[in-house]
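**Q** Given next are the chains, with one letter for each unit.
2 protein chains.
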Amino acid sequence: MKRTTLLYAAFGVDDAAWLGGFREQAPDLDIRAWPDIGDPREIDYVFVWKQPLNLFDGMTNLRAVFSLGAGVETLLAGGGLPAGVPLVRMVDPGLATGMTEFVVLRVLHYHRNMHLHEANQRDGAWIQLRPKLPEDRAVGLLGLGNLGASCARALVGLGFDVRGWSRTPKLIGGVETVHGEDQLADFLCGTEILVCLLPLTADTDGLLDARRFAQLPRGAFFVNVGRGRHVVEEDLLAALDTGHVAAATLDVFREEPLPRQHRFWTHPSVTVMPHCAALTQPKTAVRTVLDNLRAHLAGAQLRHVVDVARGY
Amino acid sequence: MKRTTLLYAAFGVDDAAWLGGFREQAPDLDIRAWPDIGDPREIDYVFVWKQPLNLFDGMTNLRAVFSLGAGVETLLAGGGLPAGVPLVRMVDPGLATGMTEFVVLRVLHYHRNMHLHEANQRDGAWIQLRPKLPEDRAVGLLGLGNLGASCARALVGLGFDVRGWSRTPKLIGGVETVHGEDQLADFLCGTEILVCLLPLTADTDGLLDARRFAQLPRGAFFVNVGRGRHVVEEDLLAALDTGHVAAATLDVFREEPLPRQHRFWTHPSVTVMPHCAALTQPKTAVRTVLDNLRAHLAGAQLRHVVDVARGY
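So the sequences go chain by chain: P and S.
Using my numbering, read the first sequence as starting at 1 and increasing by one per residue.
Using my numbering, read the second sequence as starting at 1 and increasing by one per residue.
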């Protein structure tokens, strides 16, 4: 009997991790690497990223296509995907793990006054600072999707006073949630450490401007792991210069890589991260794709199938 | 009926936090502040730190004495404590919270390569680094007492591969534990981030020397929140200079405050903390004392009573 065939056609990525991961985790499958596809009629599944034109030619028995990334706009735009074949976007638990780690790390960093301790070390000054208790520290999350909810749960576990704001109502145990533009000013007033985990939409583009930063209490901290376009960068710099925002950690920027001459690089209150707060992790992502594929082989519905009309 | 009387006699501390905390949390008690003690025969309980001589004179109805600190050696040595009155040492949940936060913070800092990202920011270099998954990161805790166990549980919750070493066997869910000097070399070989939470005893004084640092894998990280005397400081500096130990966070030192000319202050791989990874927190400590006092009034045994012969 013919083995199930998975074609690996991902470009510009670490093949050792991705292709190697599939071969290691699925020795039972016939895994082929483009361009050595053999008879295209034998291909059951394709794992794809930045695929060549005409990749799918002749694949008359194709059952599904898995995307390496969560965003599939390029694939939909010009990929030649055969009509009726389900396209699966990436939902990676390793990505949520990485984001949660990074948000916890930076919240603790500011909560524990590490920005002051670092300055004191540069001055050779031995100055003890009594930390606040986490129950007395208000952490506000903008955005309570998959990643925001994961961060919220971890911060609740550490004892923080966690609040969340989202476009539509959400319920997360231990988190005081509010929603809608009407409640944003109140939410910001009560937030000492603000974390942006929003998706980028027409409503959230440029949301964090001078008016919104002014609504934070003086000396608040800001962590942006959403998108660069959420922030009016000049307004953030002005708030940092006056100390109204005490310090910021920025993983995302309007232009990436961040231009060499941008003030964020050298601002004493800014930590610049090169957009790697969370990355798709081959190990967990390969496992997730294979779980989905195997359940499909066993007769289950595929999970995370893209709605082609909606675009995600 | 006479109200229960608590005398506050703590010196050299933040009275607003401590005395204010008692008054706020126990409006039902008659709280007096030294020297306004009134009739000493009316004093039921004393809360004490660095007390004056003869503090307890005339307190013929004293039921118990609570110490602000965990260490009571000074009080026992020359405090004039009336014979037969129980002395209660401080066990503060806020202290465990603070230690756990700090250890999680610094483990995440190294796990997520923040020492490299900080250097890249100084160079204006945009370099993405793929984080390891926490399950692939071995964190080794030296010492599994109250504080070590709390840190271990938090790190397990974040998905790390947590191992622990202690003098005597310990069991903590999700933690691979070993014990005794025979197993220390193997334990260090498998540890990428080493955290010292040991008590200082004759056995642990100078434990971490050139031989022990050499047993860590090259590029390991070190966090010392135990005592300065656990470390042979020149040996740690040598290991940092060669890069065998990639970076260290030190909260404790052989001499504190750390002398101005000490190389730790300016070593590029060392983060100096002024012995405040964890401090007794008035808010939680006051709550703990009052819980103990109220249970005692209701007829329960006092908790955390010092064994005077043993000294702690």
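Calculated from the structure, these hints are not laboratory results.
Misleading hints may appear alongside valid ones.
Chain P side only, calculated, beta carbon under 7 Å to chain S, not exhaustive [said to hold, decoys possible]:
(1) M1
(2) K2
(3) T4
(4) E101
(5) L116
(6) S269
Straight-line distance between alpha carbons at most 27 Å, and here's what the computed DSSO-like set of lysine-lysine pairs gives [said to hold, decoys possible]:
(7) P:K132 - P:K283
(8) P:K283 - S:K132
(9) S:K50 - S:K283
(10) P:K132 - S:K50
(11) P:K132 - S:K132
(12) S:K283 - P:K50
From a predicted model like this one, the values you see are computed outputs, not experimental measurements.
Every residue gets a Cβ at the ideal spot worked out from N, C-alpha and C, and that includes glycine.
**Q** Now look at each hint and say whether the structure bears it out.
**A** Here's how the hints hold up against the structure:
Annotation: interface hint on M1 (chain P) violated; nearest CB of chain S at approximately 35 Å, more than 7 Å. The interface hint given for K2 (chain P) is violated, since its Cβ lies 34 Å from the closest Cβ of chain S, which is over the 7 Å cut-off. A hinted interface residue such as T4 (chain P) counts as satisfied when its beta carbon comes closer than 7 Å to some beta carbon of chain S; here the least separation is about 27 Å, so the hint is violated. Restraint check, E101 (chain P) versus chain S: the minimum CB separation of about 6 Å is within 7 Å; hint holds.
The beta carbon of L116 (chain P) comes no nearer than 11 Å to any beta carbon in chain S, farther than 7 Å, and the hint placing it at the interface is violated. With its C-beta approaching chain S no nearer than about 12 Å, S269 (chain P) sits outside the 7 Å limit, and its interface hint is violated. For the proposed pair K132 (chain P) and K283 (chain P), the alpha carbon gap of about 38 Å is over 27 Å, so the pair is violated. With a CA separation close to 10 Å, the supplied pair K283 (chain P) and K132 (chain S) stays within the 27 Å bound.
Between K50 (chain S) and K283 (chain S), the direct Cα distance comes to roughly 20 Å. Compliance with the 27 Å bound is thereby established for this hinted pair. With a CA separation close to 25 Å, the supplied pair K132 (chain P) and K50 (chain S) stays within the 27 Å bound. Proposed proximity of K132 (chain P) and K132 (chain S) is contradicted: the alpha carbons are some 31 Å apart, above 27 Å. Proposed proximity of K283 (chain S) and K50 (chain P) is contradicted: the alpha carbons are some 56 Å apart, above 27 Å.
Checked against the numbered hints given earlier, this structure breaks hints 1, 2, 3, 5, 6, 7, 11 and 12; the rest are met.
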